[in-house]
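Student: So the chains spell out like this:
Number of protein chains: 2
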Amino acid sequence: MENLKIVVLLFDGITALDAVGPYEVLSKIPNSKTFFAALKPGQINCAGGMKLYADYSIEEISEADILLIPGGGGIDNLLENTEMLEWIKRIHRTTKYTTSVCTGSLLLGAAGILKNLKATSHWNHIEKLKNYNAEPVKERYVIDEKIITAAGVSAGIDMALKLTTLVGNESLAQIIQLAIEYDPMPPFDSGSPEKISKELLDAFFKINSQKNSAQR
Amino acid sequence: MENLKIVVLLFDGITALDAVGPYEVLSKIPNSKTFFAALKPGQINCAGGMKLYADYSIEEISEADILLIPGGGGIDNLLENTEMLEWIKRIHRTTKYTTSVCTGSLLLGAAGILKNLKATSHWNHIEKLKNYNAEPVKERYVIDEKIITAAGVSAGIDMALKLTTLVGNESLAQIIQLAIEYDPMPPFDSGSPEKISKELLDAFFKINSQKNSAQR
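Quick note, the sequences are listed as chains E and L, same order. The first sequence stops at residue 261 when you use my numbering, and every number in between is there. The second sequence stops at residue 261 when you use my numbering, and every number in between is there.
Just chain E, same shape as in the assembly:
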């Protein structure tokens, strides 16, 4: 397999699993190399207190075969950042696939590259895609042209396995799925707003609004 340059954007307030789920899949593609880039290189503070590390500033990265934009509460601080939006547009012109997980798709939208395309996002933020003239689609991941957007957080793992079939092949994707023993057995069937009980969905919104008002 030819060399594959994977670039993962990091930023303060990122949801760590949005980046690490796909990373654990894509970094196992033979001859791939993953680059972690941020506005400034160095420590990245994730939602919840964990720290990741960006080796590169975005200005040091001029191209990518795969661009991955994770999501998280911190995405809001980037949606009007001209340096970031211009960089995404520039890198997107060089990619085989431009991808996002969770609210990362809002940043793709803000960069103007989801116009008139189908896309998805975290179920609680998906309607915001309309602000960027994208068509929200409630799927685990959505492929339109060379852009692949995944639903919330854990959906990045499913998306990355699909992406592996596109840049590699189905056998490779299955072998990587075995390597990470991805044979999911969640103890509940509550991973989407359509599946959880009305009572617990209300509880989710209540906790979420308390958290948001505490942050202000």
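To be clear, the hints were calculated from the coordinates, so they are not data collected in a lab. Hints should not be assumed to be uniformly reliable.
What the hints assert, rightly or not - Residues of chain E placed beyond 12 Å of chain L at every Cβ, according to the derived structure: (1) Asp110; (2) Arg138; (3) Gly157; (4) Lys163; (5) Glu180; (6) Glu184.
Claimed, not checked - With a straight-line Cα cutoff of 25 Å, these simulated BS3-like cross-link-like pairs (lysine-lysine) come out: (7) L:Lys256 <-> E:Lys50; (8) L:Lys96 <-> E:Lys50; (9) E:Lys96 <-> L:Lys96; (10) L:Lys78 <-> E:Lys251; (11) L:Lys96 <-> E:Lys78; (12) E:Lys96 <-> L:Lys78; (13) E:Lys240 <-> E:Lys163; (14) L:Lys78 <-> E:Lys78.
As the list claims (entries may be wrong) - Here are the in silico distance ranges between beta carbons for each label pair: (15) L:Glu239 <-> E:Gly118: 38 to 44 Å; (16) L:Glu125 <-> E:Arg135: 37 to 43 Å; (17) E:Lys85 <-> L:Glu184: 16 to 22 Å; (18) E:Asp100 <-> L:Lys78: 24 to 30 Å; (19) E:Asn178 <-> L:Glu244: 42 to 48 Å; (20) L:Gly118 <-> E:Asn161: 43 to 49 Å.
No residue lacks a Cβ here, since even glycine has one placed at the ideal position from N, Cα and C.
Following the hints, position chain L against chain E.
Tutor: Using the frame of chain E, we list chain L on its own:
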């Protein structure tokens, strides 16, 4: 809910998703705080090139409500490290639950705390548990006394949701599952050696043995 101190061990050669999957679940438990500890604080080099960050040395951590030991190739370097094994034994005496993901269970075994208990590990390493007088069980996660061991890599997410029901309750676990939109839809059913084709299982072992000989 009362305060919950979660301690995650980091080490060079860790599989990032082993730590980040459970972290993304457990850090959402109200009044929980997660501490990342390593032999020495600072940057941690994951398998595949990603970097994590440990804020604490293990000697700075003297207790935990939940201890989480992730796995990865780097675990082999710890299995005879007296400082590490003594620390695990010491912390285990203070925990509500002592947990592992993937080959992290081998370190629990090396510390002597799996003796005569049922436990699991990554499917390709599970038999090694016998070296520590543990009884290998092929399940997504295994609970015996206060020790919970999870199968390979992605199994940590399922284990952490179960653990959330034990330190919290089922409603909270379902809400967190919704928050991370954990409604898994893997593109293949190849996540266990019993499910993948014989041909691809052979291919996995071939790739794995090439990687191991390249590392030597």
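Student: Each of the hints needs a verdict: does it hold here or not?
Tutor: Hints, one by one, checked against the model:
1. Asp110: Holds, since 16 Å exceeds 12 Å.
2. Arg138: 25 Å, holds
3. Gly157: Answer for Gly157 of chain E: holds, closest chain L Cβ roughly 26 Å.
4. Lys163: The assertion about Lys163 of chain E holds, with a minimum of 17 Å to chain L.
5. Glu180: At roughly 19 Å from the nearest Cβ of chain L, Glu180 of chain E sits farther out than 12 Å, so the non-interface label holds.
6. Glu184: 9 Å, violated
7. L:Lys256 <-> E:Lys50: Since the Cα atoms of Lys256 of chain L and Lys50 of chain E sit roughly 20 Å apart, the hinted pair holds (cutoff 25 Å).
8. L:Lys96 <-> E:Lys50: It holds: about 17 Å lies between the C-alpha atoms, which stays within 25 Å.
9. E:Lys96 <-> L:Lys96: The given pair, whose Cα atoms are some 9 Å apart, holds under the 25 Å limit.
10. L:Lys78 <-> E:Lys251: Answer holds: Lys78 of chain L to Lys251 of chain E is near 21 Å, not above 25 Å.
11. L:Lys96 <-> E:Lys78: 14 Å, holds
12. E:Lys96 <-> L:Lys78: 14 Å, holds
13. E:Lys240 <-> E:Lys163: Holds. Lys240 of chain E to Lys163 of chain E sits at ~23 Å (cutoff 25 Å).
14. L:Lys78 <-> E:Lys78: Violated. Lys78 of chain L to Lys78 of chain E sits at ~33 Å, over the 25 Å cutoff.
15. L:Glu239 <-> E:Gly118: 38 to 44 Å: 40 Å, holds
16. L:Glu125 <-> E:Arg135: 37 to 43 Å: Since the Cβ atoms of Glu125 of chain L and Arg135 of chain E sit about 50 Å apart, the hinted range of 37 to 43 Å is violated.
17. E:Lys85 <-> L:Glu184: 16 to 22 Å: Roughly 44 Å apart at Cβ, these two residues miss the hinted range, so it is violated.
18. E:Asp100 <-> L:Lys78: 24 to 30 Å: About 28 Å separates the Cβ atoms of Asp100 of chain E and Lys78 of chain L, which means 24 to 30 Å holds.
19. E:Asn178 <-> L:Glu244: 42 to 48 Å: Holds, at about 46 Å.
20. L:Gly118 <-> E:Asn161: 43 to 49 Å: 45 Å, holds
When held up to the earlier numbered hints, the structure conflicts with 6, 14, 16, 17 and fits the remainder.
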